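From first to last, the protein sequence lines are chains A and B. Using our numbering, you'd call the opening residue of the first sequence number 106 and step up by one each time. Using our numbering, you'd call the opening residue of the second sequence number 129 and step up by one each time.
Read the hints as simulated data drawn from the structure, not as lab findings. It is possible that some hints are incorrect.
What the hints assert, rightly or not - Subject to a maximum C-alpha distance of 25 Å in a straight line, what follows is the list of computed DMTMM-like cross-link-like pairs (lysine to aspartate or glutamate): (1) A:K196 to B:E147; (2) A:K164 to B:E197; (3) A:K154 to B:D237; (4) B:K206 to B:D269; (5) A:K159 to B:E147; (6) A:K154 to B:E159; (7) A:K164 to B:E229; (8) A:K196 to B:E229; (9) B:K245 to B:E159; (10) B:K148 to A:D171; (11) A:K159 to B:D269; (12) A:K154 to B:E132; (13) A:K196 to B:D146; (14) A:K159 to B:E159; (15) A:K164 to A:D126; (16) B:K209 to A:E119; (17) A:K159 to B:E229; (18) A:K154 to B:E207; (19) A:K159 to A:D171; (20) A:K159 to B:D237; (21) A:K154 to B:E229.
What the hints assert, rightly or not - Far from chain A, some chain B residues (derived; all Cβ distances over 10 Å): (22) F134; (23) E147; (24) K151; (25) P174; (26) S255.
Just so you know, these numbers come straight off a predicted model, no measurement behind them. Built from N, CA and C at the ideal position, the CB exists for glycine as well.
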Amino acid sequence: MSSTFDQVATIIAETCDIPRDTITPDSHAIDDLGIDSLDFLDIAFAIDKAFGIKLPLEKWTQEVNDGKATTEQYFVLKNLCARIDELVAAKNSGT
Amino acid sequence: MRIEYFELIDRILELNLDEKTIKVEARVPQESTIFEGHFPGYPIMPGVLLIESMAQTSGWLLLGMFKFERMPFLAAVKEAKMRGFVPPGEVLTLEASVVHEGSGYAITDAKIKVGGKLRCNSTLTFSHVPFPHPDLRGHMDAVAKRIGFPLQALQS
């Protein structure tokens, strides 16, 4: 079973036509990979489907806009993958 | 259809919020300035307006799901296919269903049939936000009344 990062990187590469080998755990989806909000909707859709979760994009965006979080916390891929793992764990535990 | 006002849906025929489906009807007007240019001597509905009509069909479904508390905005059009011409006077039956509900966005499949035959279809992405202005909410309420939006469906 591939890691969360491998799955997410493959989704990003296929969705946004970005070379897979340029996507690293430290890549910032917006600043480094140039993914805009509309493309990120496609990525979110693919992630939601692949992991059976619902990425809380609105909550994250609100937290960033309110200065309560940085974009790095959610959009650097290793952090994004950690959030995905948390959501999957929460789903599996029924919380 | 009130093409000049961009109100392309005439009547809601069915709305099922449990199954997240909708069916609506729209009659293409016999005359419109649009047909003077599109095209002289051969009037047909522009494909972009057919896509817009599928978006509005999906939009009414999403508005119902959101209980008119959030407004969907068309964000992406994928795999749009115009399978045949739609001339003035045609009665369109439009159907839409929700494929996925995300956080702040939704994806629908929509299609247009004429006489039971598929004429157009597309997958549409919407972003949705709380109504950005009370005038817009008021407008949508008024149009909902005109096209027979089943408000009782919001009670469930």
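A quick look at each hint next to the structure:
no., hint, result
1, A:K196 to B:E147, "23 Å, holds"
2, A:K164 to B:E197, "17 Å, holds"
3, A:K154 to B:D237, "16 Å, holds"
4, B:K206 to B:D269, "29 Å, violated"
5, A:K159 to B:E147, "19 Å, holds"
6, A:K154 to B:E159, "45 Å, violated"
7, A:K164 to B:E229, "15 Å, holds"
8, A:K196 to B:E229, "17 Å, holds"
9, B:K245 to B:E159, "24 Å, holds"
10, B:K148 to A:D171, "33 Å, violated"
11, A:K159 to B:D269, "30 Å, violated"
12, A:K154 to B:E132, "39 Å, violated"
13, A:K196 to B:D146, "23 Å, holds"
14, A:K159 to B:E159, "46 Å, violated"
15, A:K164 to A:D126, "30 Å, violated"
16, B:K209 to A:E119, "23 Å, holds"
17, A:K159 to B:E229, "8 Å, holds"
18, A:K154 to B:E207, "19 Å, holds"
19, A:K159 to A:D171, "22 Å, holds"
20, A:K159 to B:D237, "19 Å, holds"
21, A:K154 to B:E229, "10 Å, holds"
22, F134, "22 Å, holds"
23, E147, "20 Å, holds"
24, K151, "25 Å, holds"
25, P174, "23 Å, holds"
26, S255, "7 Å, violated"
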